[in-house]
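Colleague: Since the structure of chain G is already known, use the hints to place chain F on it.
Residues per chain, in single letters:
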Amino acid sequence: MPSRPPAAELRRFVRRLPWALLGALVLWLLVRPAYDRFLCGATRALARAVESPPAALVVRDGDHVLLGRSDLPPDAAKLRFSLTQVHFNLVPFLALTLALPGALAGGRWRRLVVALAVFAAAHVLALFFQLRGHYAFSLGNWSLANSSSLERNLVGTARLFFDIVVTFGLPFGAWAVAFREGVARLAGLSASG
Amino acid sequence: MKAAKALGASPAGRFVARYVVLLVGLFAVAAWQPVDDRLVDPYTTFVAHESAVALRALGEQVRVDGQVLSSPRFAVTIYNGCNGLEAILVFVAGVLAFPASWRARLLGVVLGVVAVQLLNIVRVVSLYYVGVWRPEWFTTAHVLVWQTVVILFAVVLWLFWVQRHALAPARG
Numbered sequence: 001m002p003s004r005p006p007a008a009e010l011r012r013f014v015r016r017l018p019w020a021l022l023g024a025l026v027l028w029l030l031v032r033p034a035y036d037r038f039l040c041g042a043t044r045a046l047a048r049a050v051e052s053p054p055a056a057l058v059v060r061d062g063d064h065v066l067l068g069r070s071d072l073p074p075d076a077a078k079l080r081f082s083l084t085q086v087h088f089n090l091v092p093f094l095a096l097t098l099a100l101p102g103a104l105a106g107g108r109w110r111r112l113v114v115a116l117a118v119f120a121a122a123h124v125l126a127l128f129f130q131l132r133g134h135y136a137f138s139l140g141n142w143s144l145a146n147s148s149s150l151e152r153n154l155v156g157t158a159r160l161f162f163d164i165v166v167t168f169g170l171p172f173g174a175w176a177v178a179f180r181e182g183v184a185r186l187a188g189l190s191a192s193g
Numbered sequence: 001m002k003a004a005k006a007l008g009a010s011p012a013g014r015f016v017a018r019y020v021v022l023l024v025g026l027f028a029v030a031a032w033q034p035v036d037d038r039l040v041d042p043y044t045t046f047v048a049h050e051s052a053v054a055l056r057a058l059g060e061q062v063r064v065d066g067q068v069l070s071s072p073r074f075a076v077t078i079y080n081g082c083n084g085l086e087a088i089l090v091f092v093a094g095v096l097a098f099p100a101s102w103r104a105r106l107l108g109v110v111l112g113v114v115a116v117q118l119l120n121i122v123r124v125v126s127l128y129y130v131g132v133w134r135p136e137w138f139t140t141a142h143v144l145v146w147q148t149v150v151i152l153f154a155v156v157l158w159l160f161w162v163q164r165h166a167l168a169p170a171r172g
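Protein sequence lines correspond, in order, to chains G and F. Here the first sequence stands for residues 1 to 193, where the numbers follow our numbering. Here the second sequence stands for residues 1 to 172, where the numbers follow our numbering.
Rather than coming from a laboratory, the hints here were simulated on the basis of the structure. A portion of the hints provided could be inaccurate.
Partial list, derived from the structure: chain F residues whose beta carbon lies under 10 Å from chain G [said to hold, decoys possible]:
#  : residue
1  : 15
2  : 26
3  : 27
4  : 28
5  : 45
6  : 49
7  : 96
8  : 98
9  : 143
10 : 144
11 : 149
12 : 152
13 : 159
14 : 160
15 : 166
This one's a predicted model, so the numbers in the text were calculated from it and none came from an experiment. Cβ atoms here follow ideal geometry from the backbone N, Cα and C, with glycine treated the same way.
Chain G extracted, bound-state conformation:
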């Protein structure tokens, strides 16, 4: 049975949120160069593992990534995609986490590690499906020759799912799962019973 949490707790959370957002932004900016490299490397490895011949081109270009194939002529279309768009959702997630009083107390930092691993997997898949979408839709005759109508539909759906649903839904979902006791206190739900 839901019971009303003290409004003071929510006010405290909201007061902490701007500072938490600032902290999250600083963390994100510090980690981003290494994370961009990881993301491009992991996506390239995943793409090459599932294609034959392995020719995925995933090249970091500042805060963007160039997606294409290395076995096509150099003037073949390449997709330039924003890496910020892929992983900016770490910022609201970290801000929500830092704003929640005692979120990481009592060994709950392990849940943060698990949540960050989920984010990393989601980001790699988001970039992977951008690449597969580029293969399926943007390479003219090569796309038509190498992807069926069913594959194009599946890739288009997966790309939309990771680009929109996961990007916008994951920060709240991951926060609510990872720090369920604190979120339940704020929301007035019992986390255990």
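Modeller: What follows is chain F alone, placed relative to chain G:
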């Protein structure tokens, strides 16, 4: 495994499970071509017109052509994805997933849609001025700043709705 079972059995776990199902369902409906053509696309055009009204009130000579807002100083296109619909769906999924009365849920959906819509007008207007004064900051403001703010706004709005409206019967 044990922890996952315990989470699934708890009210918080059930809430998150319902939230995920609703979120995926709502986005799937919004992405369906007939819904996109008849609802999402006209809605995006409506957002462009609302934003133009706000900018004209601020003295800007903007005109709207479909989903493009333009003036002699700058032009912005409101794409599907920049219309505030994502934040609305995240919020609505949270409201519908929460164990509240249908009256409270309806109130939450209506208030949430209006609040997110108002924030979205502020977002479009601010991005217009960023484009006019600091075009080099436009992408950062658009992708990083405003998308983050919109997500946090939806979560905070949801928490306030839970406290003020969803738990009212439990209080009384």
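Colleague: For every hint, state whether the structure bears it out.
Modeller: Okay, the hints, checked on the actual structure:
{"no.": "1", "hint": "15", "verdict": "holds (6 Å)"}
{"no.": "2", "hint": "26", "verdict": "holds (9 Å)"}
{"no.": "3", "hint": "27", "verdict": "holds (5 Å)"}
{"no.": "4", "hint": "28", "verdict": "holds (8 Å)"}
{"no.": "5", "hint": "45", "verdict": "violated (19 Å)"}
{"no.": "6", "hint": "49", "verdict": "violated (23 Å)"}
{"no.": "7", "hint": "96", "verdict": "violated (13 Å)"}
{"no.": "8", "hint": "98", "verdict": "holds (7 Å)"}
{"no.": "9", "hint": "143", "verdict": "holds (5 Å)"}
{"no.": "10", "hint": "144", "verdict": "holds (5 Å)"}
{"no.": "11", "hint": "149", "verdict": "holds (8 Å)"}
{"no.": "12", "hint": "152", "verdict": "holds (5 Å)"}
{"no.": "13", "hint": "159", "verdict": "holds (6 Å)"}
{"no.": "14", "hint": "160", "verdict": "holds (7 Å)"}
{"no.": "15", "hint": "166", "verdict": "holds (8 Å)"}
The structure fails hints 5, 6, 7 (numbered hints given earlier, in ascending order).
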